[in-house]
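2 protein chains.
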Amino acid sequence: MSEVAERRRPGRPRKERGAGSARTGILRAAAEEFAERGYEAASLRAIARRAGVDSALVHHYFDGKADLFAATLEAPLRPDRMLEIVLAGPRDAVGESLVRYLLEQLDDEKSARRIVVILRTVLGSGPGTRMVREFLTREVLSKLAALSDEPDATLRAELAASQLVGVMMTRYGLQVEPIATAPADELVRRVGPVLQYHLFGAAGTPVS
Amino acid sequence: MSEVAERRRPGRPRKERGAGSARTGILRAAAEEFAERGYEAASLRAIARRAGVDSALVHHYFDGKADLFAATLEAPLRPDRMLEIVLAGPRDAVGESLVRYLLEQLDDEKSARRIVVILRTVLGSGPGTRMVREFLTREVLSKLAALSDEPDATLRAELAASQLVGVMMTRYGLQVEPIATAPADELVRRVGPVLQYHLFGAAGTPVS
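So the sequence lines, in the order shown, correspond to chains A and B.
Just so it is clear: in the first sequence, position 50 is 147 by the numbering used here, and no numbers are missing.
Just so it is clear: in the second sequence, position 190 is 287 by the numbering used here, and no numbers are missing.
The set of hints was computed from the structure by calculation and includes no laboratory data.
One copy or any two copies: either way a pair holds, since identical chains are not told apart in the list.
Straight-line alpha carbon distances no greater than 25 Å define the calculated SDA-like cross-link-like pairs of lysine to any residue that follow: (1) 240 to 218; (2) 240 to 273; (3) 240 to 277; (4) 162 to 134; (5) 240 to 278; (6) 207 to 218.
What you are looking at is a predicted structure, and each value in this text was computed from that prediction instead of being measured.
So that you can see chain A by itself, here it is in the shape it has in the complex (with noise of 0.2 Å):
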């Protein structure tokens, strides 16, 4: 049971509470929904049980689960709306565009060291490296993937995001530089060609 989890006292019986905390006794059941099923069996139905609220108010304050999920980890970063913008612009600035939004919404002190934090979650052996896992299948690696027929569709994303963790890793993780300070549009120009490489390229096609 999780941290927050184990705050609440059993049997103590619920206030009257303002909106705020309301909110954040949502948050609070599906972190631990989250935590014990994993993102895939989570539903917001038993996480409006666990609150001891209507699932209508779950979703007055919440944009259904992924957000919900986003919300509990504090994630500074969106992958799944990232899609959802990059996806709507045109297929061959697919690469550069998801570079430039990872870097918006990252190059910040404080969102750097949270993304810090949920990629050394993502390396434990807690649920958290579940719910990640889940999360990342499900709402950001199959539609990455669906932007071919390929048999290696899946594969394809998966490299991708690789490569997008990878600069995650060595910018805001490790901090060496001259990765950690160089201009987004740098990184944009020198990363992009590999994420539309990973995604539509010919896998093996020497590159100049």
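Chain A is already provided as a structure; the job is to place chain B on it using the hints.
Same frame as chain A, now just chain B:
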């Protein structure tokens, strides 16, 4: 001070020990020295002094500072050695050789688990982050960067490294399918050209 360091009681007389425990004593002293002073400032002489042995004995067991450092991390991969081997081959095979070597070293359960622990350490806020950053800068990135005399050589090396780190994160950390179990040959074919592009390509060149 590290857990290992605390175990030795100060003032307790050193007993005559066999070869195995002399090596272990050096490893403990090295772990302390690296944690306290970082990779860059740590010296083999200071490690010998800490371990209460002659410097010659350190050189007998370990092939220099990089070797000793990798041993204290129980690193399943020697990125500095990997580079030496790869750089001995033809330049247009550097990308594929790097990926192949990485996967050969890490594609067993124990090594994969260990590299995930090291990646976690890198993302922490303890002395591990600084140690690994200094090691990578000194022993890996600078050698990769020496492949080119362009002013952007270090950034290129870091971007190549970022793609490799991303593959480790997704294949061994997140373990999403299909990248978690994709054949090594397939990853070599797909990721090799990306490293080649980062290291030697014209940045921003569309790929495929």
